[in-house]
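Once you have looked at the hints, place chain D on chain W.
For the protein sequence lines, the chains are W and D, in the order given. Going by the numbering used here, the residue at position 469 of the first sequence is 507; the numbering climbs one at a time, nothing skipped. Going by the numbering used here, the residue at position 33 of the second sequence is 79; the numbering climbs one at a time, nothing skipped.
FYI, nobody ran anything at the bench for these hints, they're computed from the structure. A portion of the hints provided could be inaccurate.
Cross-link-like lysine-lysine pairs, in silico, DSS-like; alpha carbons within 27 Å at most [stated by the list, open to error]:
(1) 172(W) - 186(D)
(2) 384(W) - 334(D)
(3) 259(W) - 424(W)
(4) 341(D) - 384(W)
Part of the chain D face toward chain W, derived, beta carbon under 8 Å [said to hold, decoys possible]:
(5) 119
(6) 154
(7) 210
(8) 231
(9) 232
(10) 233
(11) 240
(12) 242
(13) 247
(14) 260
(15) 266
(16) 336
(17) 337
(18) 371
We treat Cβ as the ideally placed atom computed from N, Cα and C, and that holds for glycine.
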Amino acid sequence: MSAFIQGCIMAFAPKTLFAILIGVMGGVIIGALPGLSSTLGVALLVPFTFGLDPVTAMGLLGGMYCSSIYGGSITAILINTPGTGAAAATVLDGYPMAKKGRAGKALYVSIVSSFIGGTFSTLMLLFIAPQLAKISLFFGPPETFMLSLFGITIIASVSGKDLSKGIIAGLIGLLLSTIGFDATTGYPRFTFGNINLYEGIPLVVAIVAFFSIPEVLMLVKNGSTKTEGSQTSGMIASDRKANMLSLKEVKTLIPIWLKSAIIGTFIGIIPGVGTPVACFVSYNEAKRSSKHPDLFGTGIIEGVAAPETANNAVEGGSFVPLLTLGIPGSAQTAVYLGALMILGIKPGPELFTRQGSLFYAIIMGLFIANLVMLLLGVWGIKYFEKLIQLPSTIMIPIILVFTVVGSFAINENVFDVFLMLVLGIIGYFMRLNGLPLAATVLAMILGPIGEEAMIQTISITHGQIWQLFTRPICLVLLVITILSVVMTARQHNNEKKASHKS
Amino acid sequence: MKGLKRMLIGALVLVMASGFVVAQGQQETKYPTKGIEVNVGYSAGGATDIAARLVAPFLEKELGQPVTVINKPGAGGEIAHSALAKATPDGYYLGFIHAPATISITLNRNASYKLSDFVIIGNVIYHENLIVATPNSRFKTIQDVIAEAKKSPKSITMGNSGAYADDHLASLALQNKVGIQFEDTMFSGTAPSLVALLGGHIDLVMCNVADIVDKVRQNQVVVLATLGAERNPLFPNTPTMKELGYDVQMGNYTTLAAPTGTPQYIIDKLRESLKKVCTSSEYIAKAKDMGLPIKYFSAEETEKIYADQTERLKKLWTDLKLPTTK
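If we strip away everything but chain W, and leave its shape as in the complex, we get (with noise of 0.2 Å):
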């Protein structure tokens, strides 16, 4: 107890608040750049946590780490193009809630379920951190391979009315994402011996091309002068109050925001799975709960609710493998811990027992961000919001710059930036075909995960796959995988019947 004390005493000292203000206002800007990943913002101020003691750094880090994950959210809303690869499924509600002329109200659906998510997977780190660790350990690569197969079952709710096209694009996302290194074998494939292409399409760069590159070109097909957004703007502008959410609103959104925060701290924890794939599950399961599930996907606010809280209870869940065992389970962590080894903190088992107070000062210091977060984001929405006024001969360009400079920054590769230009142009036939991007960017989020727990399983098991089943986690997931597909099935029976006899 009394080293809890003092971690809240090192948290609550004023250079350490100001390090999370000053990582919290980084964040918020790096995420909402499209390519800026929340990976590079912590790399990024690494140099600049020499000197600095381990809980004022830790502090910057963590304002950071959290606060550009809601970042992205940002501009996902506002012009359809996440930031990073955790806001890409806030889009399939978010940017509809924005056209309605409901930005606001999105912006501020999302920094709250943010805060919510962010403080949810905190407490669960702060509180049961051990026993998590232990549960992440139960997932091996036959557990992951089953979560991936289940994910994919997600494209029917990302898929709108026509679900045979929901396949076709998840089809064709599944076969981007085999381009590049096999994992087994090293050998480059469908790479056209470009080099560029050996690790395979970055997925902010699909991501950009996807979603932003084709609603720019319709913008500009459908030749309107204004965004459909700020034909309301005088609306949003002057109705602050409207952006608040109700009591009724409220009673819908906590269960959401409950089991999104539980499926994100899970998912976090799980080594090598990531945050995109929580957020498509969290989204999948609001839209399974639902009463209206034909809304999702129209603008409603529990469709940015679920993929914003359970992107920031990712960021909870993802430090549990890396203070408790010492092993980063994704980028952002591994970055992460380079900053821990530089510091001279070693994680894993000990950064419990011997350096208690540091461990809480850190967790500590992870609540503070999310408040200052929830603050700094609610302040921030009616300038934010100012951005969608623009008329869409300046808004266009606007897009298109960050979509040139994000797909250059991840990588600092021309070739990228080409890349996502022919991908964006397919993707807009796709588009006009009716065919879901969303479900081709889940399948390209997906396809890696799943290929490669699947060939890790067939060398542990010695190729008898079937030794899948003897494991409990596995059948757990088998069985909702099935149940995902057969309720999906019954439920496209049904709308079909329904719509023949009217």
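Showing chain D alone in chain W's frame:
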């Protein structure tokens, strides 16, 4: 009159020309006059990146010009290496190369660079490969592992950090030398392979010293054997494969290099500066704090290591008929 004018012009030209030569001479001996970029073939935050960012400020102090680390990740380091190979050899664009990775890429595929494109300045990091298990593993010693592998080939799962990356090559070299077979399970990086080991999903992991020093101290994993030339002072009780009678040595080198064609005086200056940095007590203390396995080798020593590694890897490739897309 005309003659005088001519002479004057002639003299002027001569003076200007000599001035030019002198200026050029001065320029030649003066390096560096502007910032230097050092490329790293991996993302920010990785082990190589951390090492580069440790060396950079020290090198900066030594050279008196800013030294900036730039990350060019992709294609297992090949993108960064080919950028280094193609860079203007003026001493302002340097990069980190690796053994075995930089060598094995040239064996595995038609790489966009050659090893002869690089001039070695000095080695910064070296840590040998080692085999780890969990404390409650069915294998307590490396002899247990060898005996079991001889009894039932391919029954032992050995995690590594990716196909034909250094850990996988170390595992293959070991199997080849001892005459046993493991089931090599590929992960993308050492971290996920260690998680799988701790969770009991695989039996062993091949990794490098720095990956597990803290985990050994906290009794999360135990080291069964190292692939070093001699016993590592960090694990004095752990045998090397060499002393068990199997001369298989494998480790990971991180080396500062310049593009071939860089003027010799620049190379000399860089070699001298790097040596000063790597032998300074402040640098060594800082690296120790960070848990980085620094090991300085001079240019000549490193060149010998790379030549030797190239021979070993070529032999491994032909012995095991490893895949090549050439």
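| request: Determine which of the earlier numbered hints do not hold for this structure and return their numbers in increasing order. | output: Failing hints: none at all.
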